[in-house]
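**Q** Hints are included, so try docking the two chains, each in its own frame, into the full complex.
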Amino acid sequence: MLSASALRKWSFVHQWTSLICTLFLLMLCITGLPLIFYHEIDHALGYAVDPPERPGLAATANLDEIVEAARARKPGHAVQFVSRDPDEPHAWFVSLGETADAPTPSAFYMFDARTGEFLHEYPLEQGFMYVLFRLHYDLFTGLPGTLFLGVMGLLLVASLVSGTVLYGPFMRKLRFGSVRYERSRRIQWLDLHNLLGIATLVWLFTVGLTGVINTLALPIYGHWQATELADMTARYKDAPPLRQPGSAHRAVATARQALPDSDLSFLAFPGNEFSTPHHYVAFMYGSTPLTSRLLTPVLIDARTGELVDRRALPWYVTALLISQPLHFGDYGGLPLKILWALLDLIAIVVLASGVYLWIKKRNIPIEARLGLLQNEGIA
Amino acid sequence: MSGSSRPRVWQAPIFLGVIAACGLTSALLSNGVGDYLAWIALAIPVAVVLWYAPPRRKRKHGSLAGRERNQAMRDAEPIEGLVEGSVEHPQGLGR
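Line by line, the protein sequences are chains A and B.
Going by our numbering, the first residue of the first sequence is number 1313, and it counts up by one from there.
Going by our numbering, the first residue of the second sequence is number 4, and it counts up by one from there.
Treat the hints with care, as some may be off.
Derived CB-CB ranges, DEER-like [what the hints assert, rightly or not]:
hint	chain 1	residue 1	chain 2	residue 2	range
1	B	36	A	1495	54 to 60 Å
2	B	36	A	1653	21 to 27 Å
3	B	34	A	1457	33 to 39 Å
4	A	1415	B	43	40 to 46 Å
5	A	1401	B	33	34 to 40 Å
6	A	1551	B	33	43 to 49 Å
7	B	56	A	1338	18 to 24 Å
8	B	36	A	1411	46 to 52 Å
9	B	43	A	1490	21 to 27 Å
10	B	34	A	1540	41 to 47 Å
Covered stretches of chain A, going by a simulated chain B footprint (3 or more residues, C-beta under 8 Å) [said to hold, decoys possible]:
hint	stretch
11	1531 to 1545
12	1575 to 1588
By construction, these hints were calculated from the structure, which means they are not laboratory data.
Model, not experiment: these values are computed from the prediction.
Heads up, the beta-carbon is just placed ideally off N, CA and C, and yes, glycines get one too.
One chain only, chain B, in its complex shape (with noise of 0.2 Å):
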């Protein structure tokens, strides 16, 4: 099992750490072209955080519906952080 998920889970991570380790040394090596690779590579990072990061709207409900969707859920949550708490603090009392 681990042996056909392990590739997986670190694909992408390799994928990007080679990626922005080419682009700190570009700059460092050669002026101009190395300066335009450092600046796509170092991109790359910050592209995918800004791409996966944002909640993803819900195609099946409309773009508004799934936005709706999530605000109402964040507006809930400070109810479910305070049973949480409940619960786990005398866990940790406990030990």
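Just chain A, with the same shape it has in the complex (with noise of 0.2 Å):
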């Protein structure tokens, strides 16, 4: 049993921890509602399309031409990255940048990976579903705004610690699930704050701590690239500019000659956050379920398209990369991303009920209201 004193100061913990980072928490658990099924919603509006069907054709289009017709399409820009989704194995995706190196892209391309035909242009930065996920993502503002949001998860997990200390001392004349529906609004808000608190604690602190995690995928990149990166080429510091990437289609065959187990996840082309100005990186992710959701770089030369290294990431970004299916809920089918928005919903009681209950009883010492309690008990 904790001692008065120690309850105080769960109790204060619980409050102002609680108390700063909820209007953010909801506004993240509302606009998260719709991001669980962001892949489905995209398809619905016709944001994104399939790849028509053609039967008995191999995805062996030649990657180079794909890459020139992208180009072709937005003279002037630099192709970023490409990329495989396995979800759509009859499709390869190409993304530019203003330049090389831009921080955003500015189209984003499907082409069938079957005959090289051109698909698709995604529209970018428009439509109600991009709006949700840069309040989620970022509030509009950039690096410090994702960090901000990432405070607030921090104190989400601190708010979940102190009120399973709490849950406790509240509990120990109820039985689990008691909700006092006889007993006044405040009580049964309290009950029922528990209850859904308790029942859903794990999956909370799973998704909120991954979410924190979440934020931090820029530092998180920038410092695998001045270390792990800039270590594997500084036998290229050195070298005289690159005028012109060699074969993408012949790097992609070395990195697929060198993990034959793993597939290709996207390629970075030289010069952008993701490669270095003389190589290709080509992200592998690997055959099983768990290993599907890591990513082994591959570096190539970009010049002659040989293979010159390849090590699989640091831990710390296996922990991001492990974070993201934790946290968006796309690891299970449609089922699961349904569980995930129940869950989701039960969340935003949760955060409602807390606030309702601070309005309520921000007045009343915790000695006073576990001494009511006790009362009850005996009673």
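**A** Shown next, in the form of structure tokens:
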């Protein structure tokens, strides 16, 4: 049993960590709800399309021709990435930027991986889902906004820990799941807050903590680039600048040859933040359910198309990559997404009831609240 | 006293927590069976909430009577809230 002063301290921590982050957490839960179904909604709205049925054709189109076709659609812009999607094996995706190292894409195209034909241009930075995404991701303010939301996530974690500590003394005289509807509305909502919070605790904790890790994506990749990638490419430091990168098709073939059990997730073109001025970097995913979430970078000389080096990503990038599915809930089919949405709705009720309880009882000391509870238990 | 009551308080939360953690991990480690396990495991906390959160119907009054009683209580609450508020605020000002 907690001492009275310890209880007061935990109550103070729970109250203030929650109060500071609740408004933002409510926003994150509400914007996050449709974002769970981003893929489905994009398809339904026509922002994304499926490649046409072409039975019997394999994904053998020449990537260099696709890259050329993409460049021709956006003259003067640089191809930054080509990527694959395990769920869309018949498509190549090409993203371009105004320059090779531009932080945001200027165009995103889908090509047929069997015929090389242009299929679709994704609208960028528009639409309702984009607004929701930016609110959820960075409040339209870039890295500072992302990091700020990360701090709010840390407060949520602190609030969950302190809330769990308080659950014990508050439930001492009650059976699990008791909601005292015969009592005042405040007591009802206290019981509901406790029940919903404790029943979904591990999910809340997981989504909160992985959300915090996701906010560190840019610093994490930046650190990887400055240390591991720089180390792997140290001998190219004084090489003359590359005027035109060589074949991307050959680079992908080299990477597939180097890691035969893996397939390409995305290929970073020379000069962007995932590569170097002299290399293609192919990020390969594994073939088991777990390793399909992890990436192994393969460095390829951009001029000759030859293998330079390959190394497993360090633990902090692996932690980030594992955090993504655990935050998005996109790793177990549509039923998992629906459960994610239901748990998110429960989280909204926990947050809102927390605010209600604070408004109702901020002037009652914790001893009185607990004392009230104990008398009830005896009665 | 605390020795006997603590396990009871934490029994269900620990059970639910372990189940949810298994579900969150299983879909990550295996497709197919892992996904099914995740669906079942994460449906459990949702089911627990849906089972316990709605007002319990009082059997001895009959289900309809129980519901009406709860409704009557809800209707009466704004008055209770007012009374509580008028008691609490002077306390708060005093501190």
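**Q** If a hint holds in the structure, say so; if it doesn't, say that too.
**A** Here's how the hints hold up against the structure:
1. B:36 with A:1495: 54 to 60 Å: 45 Å Cβ-Cβ, so the 54 to 60 Å window is violated.
2. B:36 with A:1653: 21 to 27 Å: Given about 23 Å between the Cβ atoms, the range holds.
3. B:34 with A:1457: 33 to 39 Å: The hinted range 33 to 39 Å holds for residue 34 of chain B and residue 1457 of chain A, with Cβ atoms some 35 Å apart.
4. A:1415 with B:43: 40 to 46 Å: holds, 42 Å
5. A:1401 with B:33: 34 to 40 Å: Distance hint for residue 1401 of chain A, residue 33 of chain B is violated at roughly 21 Å.
6. A:1551 with B:33: 43 to 49 Å: holds, 45 Å
7. B:56 with A:1338: 18 to 24 Å: holds, 19 Å
8. B:36 with A:1411: 46 to 52 Å: With Cβ atoms ~47 Å apart, the hint holds.
9. B:43 with A:1490: 21 to 27 Å: holds, 26 Å
10. B:34 with A:1540: 41 to 47 Å: violated, 30 Å
11. 1531 to 1545: Our answer is that it is violated, as 0 residues pass the Cβ test (under 8 Å) against chain B, missing three.
12. 1575 to 1588: violated (count 0)
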